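Enquirer: Read off the chains here:
Number of protein chains: 2
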Amino acid sequence: MRLDAAALHDMVARILARAGLSAENAAVVARVVVAAEQDGTASHGLFRLPGYLATLRSGWVDGHAVPTVTQVAPTLLLADGCNGFAQVALAAARDRLSEMARAQGMAALCTSNAHHFAALWPDVEPFARAGFVALTVINTRSHIVVFGGRRKVLGTNPMAFACPRGDGPPLVWDQAASVRSQGEVLRARRAGRAVPPGVGVDAAGQPTEDPGAILDGGALLPFGGHKGAGIALMIEVLAAALTGGRFGFEDRSAAYPGAQTSNAGQFVLLIDPSRTAGTGFSARIETLVAALREAGSERLPADARHSRRLAARDGIEIADSVHAELLAMLQAHQ
Amino acid sequence: MRLDAAALHDMVARILARAGLSAENAAVVARVVVAAEQDGTASHGLFRLPGYLATLRSGWVDGHAVPTVTQVAPTLLLADGCNGFAQVALAAARDRLSEMARAQGMAALCTSNAHHFAALWPDVEPFARAGFVALTVINTRSHIVVFGGRRKVLGTNPMAFACPRGDGPPLVWDQAASVRSQGEVLRARRAGRAVPPGVGVDAAGQPTEDPGAILDGGALLPFGGHKGAGIALMIEVLAAALTGGRFGFEDRSAAYPGAQTSNAGQFVLLIDPSRTAGTGFSARIETLVAALREAGSERLPADARHSRRLAARDGIEIADSVHAELLAMLQAHQ
Chain A
2 MRLDAAALHD MVARILARAG LSAENAAVVA RVVVAAEQDG TASHGLFRLP GYLATLRSGW
62 VDGHAVPTVT QVAPTLLLAD GCNGFAQVAL AAARDRLSEM ARAQGMAALC TSNAHHFAAL
122 WPDVEPFARA GFVALTVINT RSHIVVFGGR RKVLGTNPMA FACPRGDGPP LVWDQAASVR
182 SQGEVLRARR AGRAVPPGVG VDAAGQPTED PGAILDGGAL LPFGGHKGAG IALMIEVLAA
242 ALTGGRFGFE DRSAAYPGAQ TSNAGQFVLL IDPSRTAGTG FSARIETLVA ALREAGSERL
302 PADARHSRRL AARDGIEIAD SVHAELLAML QAHQ
Chain B
2 MRLDAAALHD MVARILARAG LSAENAAVVA RVVVAAEQDG TASHGLFRLP GYLATLRSGW
62 VDGHAVPTVT QVAPTLLLAD GCNGFAQVAL AAARDRLSEM ARAQGMAALC TSNAHHFAAL
122 WPDVEPFARA GFVALTVINT RSHIVVFGGR RKVLGTNPMA FACPRGDGPP LVWDQAASVR
182 SQGEVLRARR AGRAVPPGVG VDAAGQPTED PGAILDGGAL LPFGGHKGAG IALMIEVLAA
242 ALTGGRFGFE DRSAAYPGAQ TSNAGQFVLL IDPSRTAGTG FSARIETLVA ALREAGSERL
302 PADARHSRRL AARDGIEIAD SVHAELLAML QAHQ
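Protein chains in written order, with this note's numbering: chain A, 2 to 335; chain B, 2 to 335.
Source of the hints: derived by calculation from the structure; they are not laboratory data. Please note that the accuracy of each hint is not assured.
[Unchecked claim] Taking beta-carbon pairs under 10 Å as the criterion, some of the chain A residues facing chain B (in silico):
| no. | residue |
| --- | --- |
| 1 | Val73 |
| 2 | Met107 |
| 3 | Met160 |
| 4 | Leu172 |
| 5 | Val180 |
| 6 | Glu251 |
| 7 | Arg276 |
| 8 | Thr277 |
| 9 | Arg300 |
[Claimed, not checked] Far from chain A, some chain B residues (derived; all Cβ distances over 10 Å):
| no. | residue |
| --- | --- |
| 10 | Ala204 |
| 11 | Ala241 |
| 12 | Gln332 |
Remember, predicted model here, so these are calculated numbers, not experimental data. Glycine included, every Cβ here is placed at the ideal spot set by N, Cα and C.
Using the sequences and the hints given, assemble the complete structure.
Expert: This is the structure:
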């Protein structure tokens, strides 16, 4: 069946509100869940709802958090997520962050004490639509082994980047520092599928294609070996140390059975390219995109998502079984 | 034989000055060449001198460039490298950039029309010693094929990151967006060694372990597949589009036989962590480093370089053949 985005948003927001989110927070979180589903980012769409609900039930996240946002320097906003979802802190800081970046040329938001359980691209794409070059990173619970270590320390630590183009939607990418995201491995386990070689190791540090062995005591591997590890390390510094937040290995979610998120941090950087490159910036990005297409890169980052978004203009396709699950989630919390 | 760093610097600066660099510019470039040699970054040390000389002889770089630095926003410096080396522009901007970052919380330098032929970590490590979190990226000539393309478009586009630690030298890494840097492949060709599988493709797009086939019409591959490609793409945006500089595929060095550099751009970002994380920032980095060591990561990024630097306190070990080559270079330009 097909549901239009507004109807799906309403349904997801009601599910989240009944599970313990304030109406305001439910609306913010529902937006990113629906955006991922609409763009076909299956691992971060409706698939994540049971994780949100289990986490809320566990008492690990404060669904009614009202984040505080403080300007600590002309370019820096410091947000305390107050143990709520990171998107709520970003929503609270968004307008001020944009104004600061316009006035100063750059601005950054440093959020700590917040949970991020969604795709990361929805956090930056709107800034690129507003003309900014935007970069964000978050740290997560420990998931990957790096630099010859025996135990996981760093998170899957995703990064998302976006910049405006001359026409069409912004150039956007969003990628975990692991070969595959935790969400993808979770989906493989749920579907009873193996993961490709090189994705992770088991509890003994041996390569495995069994998602369960990776998730239960094993670890994910960084993309590109020590280079992906370098990226993951930088993100741990920016998202946790710089924001005053927790490192992934300091996570305490294990004390809350059912919790699937980490209380961690997020760093969001905005740059106003009109200050350095004038009005021609987005035309230059078009030149870059054209060169890549001409060299045979038919599918650039976000191309697939944007096509699916177009295809979902008249409604987001939802399997009947998923719709039934959504209805069950609504019932369960009534 | 062993030469002390000052003596080697003097020798390298004289070679560069005789090859066409102004005394000021020669001193700046010699510093990064010697720093790489001292830290054992062989592919970016004295090994690069013939490339500098060939490039200067070709007329492609202006050895007497006096870069201009303009503040275009409270946080943004725009530098025109005036077709000289990028390190000269950075040296001209360094003090002002630091002052701006202290005052505003963040600051960035956007350099265009400049050549970068050195290791990248020497550009950020001093800022980390001064207490900043520092990130820099440069774009290079087209070297890698990405996103299913048939021809190379993006550069090897290195990135370097540094942040202060509680004690000891800063945490620093420096890595190309390709599996191996162009410099490493050049060295393999010079040494008659094959490169590992996965490093590059030949002119027909087929995997090859022959460095010559990669360098002559072939291409390098990004680290970690499409994720490294995403990093390379972001760097092309930050270093070229944002700075008003040239993309790698717009390089015109082919018109200057012998030229080995690209006229491209550099982006340098400084963040003052004391504004967001207070005085405890470097202690937090120590906590992160300790966690990695405890998990078995005996060798973190820059550890090997820093040990070699310590070992070179009483002199940098130079093979007799290399010393003879240096003397020959001095003679050739007298």
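Enquirer: Hint by hint, say whether it matches the structure.
Expert: Right, here's what the structure says about each hint:
Interface restraint check: Val73 of chain A against chain B, minimum CB-CB distance 5 Å, threshold 10 Å, status holds. At a threshold of 10 Å, the smallest CB-CB gap from Met107 of chain A to chain B is about 4 Å, leaving the interface hint in force. Nearest Cβ of chain B to the Cβ of Met160 of chain A: about 8 Å, under the 10 Å cut. The hint holds. The closest approach between the C-beta of Leu172 of chain A and any C-beta of chain B is roughly 8 Å, which is under the 10 Å cut-off, so the hint is satisfied.
The criterion of a C-beta within 10 Å of any C-beta in chain B is met by Val180 of chain A, whose closest approach is roughly 7 Å, and the hint holds. Against a cut-off of 10 Å between C-beta atoms, the interface hint on Glu251 of chain A holds, since the closest Cβ of chain B lies about 8 Å away. With its C-beta approaching chain B no nearer than about 4 Å, Arg276 of chain A sits inside the 10 Å limit, and its interface hint holds. At a threshold of 10 Å, the smallest CB-CB gap from Thr277 of chain A to chain B is about 5 Å, leaving the interface hint in force.
Annotation: Arg300 of chain A was flagged as interfacial toward chain B, and the flag holds, the nearest CB pair being 6 Å apart, inside 10 Å. For Ala204 of chain B, the condition that its CB be more than 10 Å from all CB atoms of chain A holds, with the nearest at approximately 14 Å. The claim that Ala241 of chain B is not at the interface with chain A is violated, since a C-beta of that chain comes within 10 Å of its own (minimum 8 Å). For Gln332 of chain B, the condition that its CB be more than 10 Å from all CB atoms of chain A holds, with the nearest at approximately 40 Å.
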